[in-house]
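Trainee: Sequence:
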Amino acid sequence: MELKDFGKNFVFMPDATRGAVRSLTTEQLKETGTEVLVTNTLHLMMNPGEENIKKLGGIKKFMNWDGMVLTDSGGFQVFSLIHSKKWKGTVHENGATFKSPTTGDLYELTPEKSIDMQMAINSDILVTLDDCREAVLERDEAETSVRRTIDWAKRCRKHFDEVYGGTKETGKLLSCVVQGANYLDLRKKCAEELSEIGFDGYNFGGFVVTEGSELVLEEMRAVVENTPKDKFKYAMGVGKPSDIRIVAELGYKVFDTVLVTRNARHGTLYSKDIDGEVLRIKNAEYLLDERPIDSTCDCYTCRNFSRAYVHHMFRVNEMTGLTLATIHNLRYYQNLIGDLNKV
RNA sequence: GCAGGAAUGGCGGAGUGGUCAAUCGCGGCAGACUGUAAAUCUGCUCCCUACGGGGUUCAUUGGUUCAAAUCCAAUUUCCUGCA
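343 is the number that my numbering gives the last residue of the first sequence; the numbers go up by one with no jumps.
Just so you know, these hints were derived from the structure itself, not from any lab.
Quick reminder that beta carbons are idealized off the backbone N, C-alpha and C, glycines included.
Be careful, since some hints might not be right.
Claimed, not checked - Each computed DSS-like pair below joins lysine-lysine, with the alpha-carbon atoms no more than 30 Å apart:
1. Lys154 / Lys99
2. Lys60 / Lys168
3. Lys172 / Lys8
4. Lys188 / Lys113
5. Lys272 / Lys189
6. Lys231 / Lys86
7. Lys231 / Lys61
8. Lys189 / Lys113
To be verified - Taking CB as the label site, the calculated pair distances span:
9. Glu285 / Glu138: 41 to 51 Å
10. Glu138 / Ala308: 23 to 33 Å
11. Ser80 / Glu162: 27 to 37 Å
12. Glu218 / Met319: 38 to 48 Å
13. Gly212 / Lys282: 22 to 32 Å
14. Val316 / Glu138: 45 to 55 Å
15. Asn9 / Val316: 39 to 49 Å
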C-alpha cells in the first residue's frame, strides 16, 4: 500500500504504543499481514524522547519497520492518565502539563509539541491533539472539549504547514479528531468546523462504546455525514470483530484497537470455530485439545501448534504463549479486514 | 529410650478461649478488557441451598467451659537435641 491510498480500503492497525506490538518482534508483526501500525506520541515523548528518537532516525528505522506508521497525538493519554488523575497534571487551554510518575520530570504537551514529536518519530500519518473525554458527558464539558479540540486542531494544522511545509514538503498526512461526546449537534459542529480547516482524514474520537459496551453508532454516523466524502474515516479504538463489521458499514475504513493484542495476552483468542468467535485458551477444556485455535486460520500459531500447547504455555506462564496468542489474534484481524475488502 | 517442639481447608502458612467456615499467598474454576500505566483486573474455590440460610470442620479420642482450632489428658505421626 502507498500512503496516498491509505484509507481507500479497510485497514487495521495494531497498537505498538511504545515502539513494539507487545510480545512480538517486528518480523513476527509483519508476518501477520500488518501494513500499518499505531505508535504513541506521549509515550515516546517520555521515552526515548524527542531529540533521541530523532537521533535514532525515527521509529521506522529504530524498530526496523518498513510498513507505515500512524502516530496517535497523545490526546487519549491526556484523558486516561491526566484527566482521570492517575498521573499528576492539569489539562488547560494550551494542552496538558504533567509529571512522569517514574522520573518526576515535567512535560508539556501542546498542539505544536505534539506535531513536533510526531515529526521526530517520522510518522506517515499524524493526528491532531484533541481533548478526549468519556462517552457520556455534561453539556458544558462536551462544549469545552469540542472548542479545545477545534482550536488545537487549527494550531496543529498551522504548525504542520508553516514549520514543516505540510503534506507537500513532508509527504505525510495530517488527520484530525472529532469530539462532541454524546451530543449529536456537537459532533456535527465539530465535524463541520474541522472540515472547514481541512484535513486528510477524520477520526472518530472519544469513547466508541458506552459502559454497557454498546457502540455509539449515532454519534459515529454524525461524523461521517458531516466530513468530506473523499477523506478517510478512522474509528479510533474500534473494536471487537463484530463492532468492526458494523462500523465498517457506516463508512469507516481505518481501525485500531488494543483489544486484539491485550486479549491475546489475557488468553482471549478469536476463532471462527467457536460460537461468539471467542475462545478462552486458559480454560480447562483446552488441556487436551489438539485442534488448532482456528481451523480456518493460516497464521504461524495455527499452522504449527494445538490449543493444548498454547493452553499449556499460558498455564505455566511461558512468554511464548503471549507471542503465539498475539500472532494468532492479529492474523485473525487482518483476515477479517481482508474479507471486508473482498466484498 | 529420655528431653523439647509441631500437627489448620489441594499446597504453603496465619489464628492461640467467644466477633472463626477460619487472614493471606499459591494452585484450581470462571469472567472482564474497545485511540494500552494492562503477561492485568474481578468474582468464586468444605458440603447442601428455593442465596434468606442450613450442616459438618482445624491429626484422633475423651475431658474442662455457657462457649474450644485455641485449655487439659491419652493416643498416633513428624522434627530437633541427648543417649
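Trainee: Determine for every hint whether it applies to the structure shown.
Mentor: Right, here's what the structure says about each hint:
Of the supplied pair hints, the one linking Lys154 and Lys99 holds, its CA atoms being roughly 26 Å apart against a limit of 30 Å. Pair hint Lys60 plus Lys168 holds up; C-alpha atoms about 21 Å apart against a cutoff of 30 Å. The hinted pair formed by Lys172 and Lys8 meets the criterion: a straight-line CA distance of about 16 Å does not exceed 30 Å. Taking the CA atoms of Lys188 and Lys113, the gap is about 28 Å. The hint holds against a cut of 30 Å.
Our distance criterion of 30 Å between C-alpha atoms is broken by Lys272 and Lys189, whose separation comes to about 41 Å. For the proposed pair Lys231 and Lys86, the alpha carbon gap of about 35 Å is over 30 Å, so the pair is violated. Restraint check: the Cα-Cα separation between Lys231 and Lys61 comes to about 28 Å, which is no more than 30 Å; the hinted pair holds. For the hint pairing Lys189 with Lys113, the CA-to-CA distance comes to about 26 Å; that is within 30 Å, so the pair holds.
Range check, Glu285 to Glu138: about 46 Å between beta-carbon atoms, so the 41 to 51 Å window is met. A beta carbon spacing of about 51 Å between Glu138 and Ala308 contradicts the range 23 to 33 Å that was offered as a hint. The given range of 27 to 37 Å is respected by Ser80 and Glu162, whose C-beta atoms sit roughly 31 Å from each other. The hint said 38 to 48 Å for the Cβ distance between Glu218 and Met319, and at roughly 43 Å that hint holds.
Range check, Gly212 to Lys282: about 26 Å between beta-carbon atoms, so the 22 to 32 Å window is met. With their beta carbons about 49 Å apart, Val316 and Glu138 fall inside the hinted range of 45 to 55 Å. For Asn9 and Val316, the hinted distance range of 39 to 49 Å is satisfied, since their beta carbons lie about 41 Å from each other.
In terms of the numbered hints stated before, the structure departs from hints 5, 6 and 10, listed from lowest to highest.
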